[in-house]
Structure formats: C-alpha cells, structure tokens
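Asker: Go ahead and model the full structure; you've got the sequences and the hints to work with.
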Amino acid sequence: KEIRFMEKNKIKRISINEFVKDIDNACDTVMEFANGRELYLSLDIDVVDPAFAPATGYAEPGGLTSRQLIYVLQRMNKMKNLRGVDIVEINEKKDKEHCGVTVKLGAKILSELL
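According to the working numbering, the residues represented by the sequence shown are 6 to 119, in order.
Since the hints were derived computationally from the structure, they do not count as laboratory data.
Predicted, not measured: the structure shown is a model, and the values here were computed from it.
Fair warning: there could be bad hints in the mix.
Stated by the list, open to error - With beta-carbon atoms standing in for the labels, derived distance ranges:
1. Lys6 to Ser116: 33 to 41 Å
2. Lys15 to Glu102: 18 to 26 Å
3. Glu102 to Ile8: 33 to 41 Å
4. Asn86 to Asp29: 18 to 26 Å
5. Ile21 to Leu44: 26 to 34 Å
Said to hold, decoys possible - Cut-off 25 Å, straight-line C-alpha distance, at most; resulting in silico cross-link-like pairs (DSS-like, lysine-lysine):
6. Lys17 to Lys6
7. Lys109 to Lys98
8. Lys83 to Lys17
9. Lys83 to Lys101
10. Lys15 to Lys85
11. Lys109 to Lys99
12. Lys85 to Lys113
13. Lys26 to Lys83
14. Lys113 to Lys98
15. Lys113 to Lys83
16. Lys85 to Lys17
17. Lys99 to Lys85
18. Lys15 to Lys26
19. Lys83 to Lys99
Here a beta-carbon is modelled for each residue, glycine too, at the ideal position from N, C-alpha and C.
Answerer: Set out below in structure tokens:
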C-alpha cells in the first residue's frame, strides 16, 4: 500500500541498504530532489543502529551509524533550505540504562542542524 502511494505521488524512496552501500550517492539523490525546495525533516531515531541509539521504541539492527547520520545531515544542511525538523522515538526512560547515549545523539543532531 505504501509503495503504491509513493509511486503514485512520485515520492522517491531511498532504502537503508542504498545509504549503507553508497552514502555519497544516496546523499546526492536526496540533494538533487531537495534542490530549490523548502524542507521539513522528520527524523525517526530508529534509523540509527541500536549500537549507537539503543533507547528507541523499535530498535532494529542494521541501521546507520551515528557518524553516517550526522554526515547525511551535514550534507543536507549545506543546502540552506531546511525550515524545520523533529526527532521522534527517543525514549529517555530507556536511555538511563545506556548513559544517555540516545538523548546525546539527538542533541548532537539538533546542534548540527542549527
């Protein structure tokens, strides 16, 4: 259902595998699409591998490293067309067991985008 909606509305989907395989090419695709458009970024923290962001509602191995995510965001931010951002699925209660690493990553993400 989601795939059909995306195809019908010409929404470009880039899989996590594409990012992991060739992060520069994936970033280029995002930037090409976003060029000249105002952007709002909604970031679900569970895109990050649980080794780097364990305190989330749906931790799934095989995600981006925190470094990879920050790189992608730095590339996007260079375009100067980001108008808003939200970060979801950080569970600060779960993060107490992990020395606050997920909350710290969320703060780092925001600092990169400001």
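Asker: Each hint needs a verdict: does it hold in this structure or not?
Answerer: The hints, checked one at a time:
{"no.": "1", "hint": "Lys6 to Ser116: 33 to 41 Å", "result": "holds, 37 Å"}
{"no.": "2", "hint": "Lys15 to Glu102: 18 to 26 Å", "result": "violated, 42 Å"}
{"no.": "3", "hint": "Glu102 to Ile8: 33 to 41 Å", "result": "holds, 36 Å"}
{"no.": "4", "hint": "Asn86 to Asp29: 18 to 26 Å", "result": "holds, 20 Å"}
{"no.": "5", "hint": "Ile21 to Leu44: 26 to 34 Å", "result": "violated, 20 Å"}
{"no.": "6", "hint": "Lys17 to Lys6", "result": "holds, 15 Å"}
{"no.": "7", "hint": "Lys109 to Lys98", "result": "holds, 13 Å"}
{"no.": "8", "hint": "Lys83 to Lys17", "result": "holds, 20 Å"}
{"no.": "9", "hint": "Lys83 to Lys101", "result": "violated, 33 Å"}
{"no.": "10", "hint": "Lys15 to Lys85", "result": "holds, 24 Å"}
{"no.": "11", "hint": "Lys109 to Lys99", "result": "holds, 13 Å"}
{"no.": "12", "hint": "Lys85 to Lys113", "result": "holds, 18 Å"}
{"no.": "13", "hint": "Lys26 to Lys83", "result": "holds, 22 Å"}
{"no.": "14", "hint": "Lys113 to Lys98", "result": "holds, 19 Å"}
{"no.": "15", "hint": "Lys113 to Lys83", "result": "holds, 16 Å"}
{"no.": "16", "hint": "Lys85 to Lys17", "result": "holds, 21 Å"}
{"no.": "17", "hint": "Lys99 to Lys85", "result": "violated, 34 Å"}
{"no.": "18", "hint": "Lys15 to Lys26", "result": "holds, 23 Å"}
{"no.": "19", "hint": "Lys83 to Lys99", "result": "violated, 33 Å"}
The earlier numbered hints that this structure contradicts are 2, 5, 9, 17, 19.
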